[in-house]
Amino acid sequence: MKYKFTLVISIIAWVAGCRNNVEEPVVVPTPYALPIPGGFPEMTIPADNPTTAEGVALGRQLYYDQRLDKDGARACATCHLQAQAFSSAPAVLPHINLGWSRKFLWNGKISGSLEDIMLFEVEEFFQTDVDVLNSDPEYPGLFKKAFGVSKITTREIARALAQFSRTQISGNAKFDKFLRGETTLTNQEYLGYELYYTEKGDCFHCHATMFMTDNLMHNNALDTNPDPGYFTITGDSLDYGKFKSPTLRNIEYTAPYMHDGRYATLEEVVEFYSSGLQKSATVDPLMKNLGQGGIQLNAEEKAALVAFLKTLSDPDFLHNSELANPNN
Amino acid sequence: MKRLFFLVTTLGVSLVSCNNTGNVPPAIDLHVSFSHVVNGSPVQLDALVYQNNLGQEFSLKTIKYFISRVKLYRAGNTVIALPDIHYVDIRLPETLNYTFAGKIPAGDYTGLSFVYGLIPEENISGRFTQPPESLMEWPEPMGGGYHYAKIEGVYRTPSEEGFFNFHSGMLDGVAYEIHVDRTNQPFTLSEDKAVVNLQMEIQNWFQNPNDWDFAYYGPAIMGNHEAQKAIQENGGDVFSFAITGSLP
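Listed in order, the protein sequences are those of chains A and B. The first sequence begins at 1 in the numbering used here and counts up one residue at a time. The second sequence begins at 1 in the numbering used here and counts up one residue at a time.
Mixed in with the good hints there might be a few duds.
Going by beta-carbon spacing under 10 Å, a handful of chain A positions derived as facing chain B [said to hold, decoys possible]: (1) W106; (2) V132; (3) Y193; (4) T198; (5) A208; (6) K288; (7) N289.
Heads up, simulated SDA-like pairs for lysine to any residue below, C-alpha to C-alpha not over 20 Å straight-line [said to hold, decoys possible]: (8) K279(A) with V154(B); (9) K174(A) with K279(A); (10) K200(A) with G143(B).
Hints are computed from structural coordinates only; laboratory data are not their basis. Quick caveat: nothing in here was measured; it's all calculated off a predicted structure. Positions of the beta carbon are idealized from the N, C-alpha and C atoms, including for glycine.
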C-alpha cells in the first residue's frame, strides 16, 4: 500500500518535472505489479525507478541485445542463460531474486541497489556506446515511453535493466511448495532439509532466509592459500579469502560451483563441506570442525543433502516466457 | 503504527497512575547506547588475547543480539514498559545507539529490566523480513523464531584450536529476562540525562556460575539444552548500566 502510494507520487512528480520543455502529450508509464511469491518479503524499490510495464519490457529487450556491448559481440543473455537460471560455466553468477540483494559480484565489489550494479555492468563491463542506441529507429521511442527522456544515457539503460531484473523472481521450487503446505518432501529430502537447517549440516547460517543467501562475505575454507576476494575491495587483511555467499536456489542448474567453478557437481560440493575444508587465517567460525575437515557426513547424509538442494530447483523459472528472449 | 499506539496507551496509563502529586512529569525521549567489554575494557575484535577461567584463550569475531521488552521501574511500583525490539551488532555502528519510539516520564527510577532476545510470544518466524534482523533466524527444524544472540570467535587450548559459535535462543521456551535492580541506588532520568549506557561484560557469559569450556561445548550449541541452560544461568551479571547526558 505504502509502496503504491510512493509510486504514484513519484510518477506525478516526474511528469510534472518534465512539463516545461515537452510539447507532446505526456505519457505516463503503466505501473507494474511484481509477482512476489507468497512468503517472500516486500522488495525495496528506489523511489526514482518505479517498476513499470514499459521499463520492464525495455530492460528485457536490452538484456537480449548485443548492441549494448561496445563491440557488439555479446548480450547479457550470452552468459546469463535462462536454461541455467541466468548463469553459465565456469562462474557466471545467476540472476535469481537479485531485487532483494544489496551486495553484488563474487568479491562484493558493488554494494547498493540493482541500479548501481547495472550501471557498473553498462558503463564498465559493456562500455555501452549510447550513440548506437540513440541512433536506433526504435530505442529512443521506447526510452521516451519508459522514462520520458529524449536522449538515452547509461543511467536509463541501467534503470531499465534493473526493472527487468526485479522480475527475475524464482519462488516456485518444490521447497517453496513444501513451505506453503502444498506438497511433502520425500524421506531423503526431509533428512537433507534437517541437515541443512540444524547444527549437524549447518548450511543455513550463510545460505540463509528464503533467498538461501545472507548476502554477506565469508571465507568458507576452500583453500590454504585462498584467492584474495573481498580483500581486493576493502584492503583489510581480515577480508582476505572472503566471497559472497551465493544463493542456493536453482543450484542444480548452475554448475560448475564456487567463484572459480572448481566443482562440477553438487556431490563434490557436499564432499568438500563434509571432509575437504582447508585451514587459512580468515576461515569463518561457522565452518565447523575445520580441524577434521568439515561436518563429517556419512554416505546417506550426503545423498540426502544433495536431494534437498535439488528441491530448490524451480523449473517454472527456466520456462517463464516473460523472461525469455522477446525476439524469439 | 500499532506499536506506537500501544506505547502511547501504556504511557497514558502509567502517567495517570503517577499523578497522585498533581504534577505530571515531563515526557522525555529515552536513549540507550550499547557497549561491549572484556574484563572491563572495550572489546578488541579478531585478536586472540582473552582467556577464560579454565585458561583457554579466545578471540571475538561476532557479537549480535536482540534486546526487547525494556521496563523501567519507578518508586511506588509503577512500571514503564517499552514495546520496542532492538537489534545490536558490534560491527554496525548504527545499531549501537537507539532512541525508543515513545516517550517516558522524567523522574526517579529504581530499576531496569529487559529481555535478552525475544519473549516466546514475539519469537515468531517471519517477524523480521529484512536483514540484518532476518539473518538471526532460528530454523523451523530447531523450533523456529530467531537467535537471541550470536557471539562467535576462535578458542585455543594447549591441545587444540577451534571455533565457538555461542548462539543462544528459545531452546527451552523461556525468555532471558535480565533485571538490574537499583532500589538502593535510584537513578534519575531527565531531559538532559536520559541515555542508558548498557554495557555487556563478555567474560561473564563464560563464568559465574558455570565456567564455560570451549572444547567441551564445541562449535555448535543451538540444539544443546545443557549449553543453553548454562548460558541462561551465566547471564545474570553480564549487563550493567550507567546514565549519562548525551549519546557518545
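* Hint by hint, which ones does this structure get wrong, listed from lowest number up? -> 1, 2, 9
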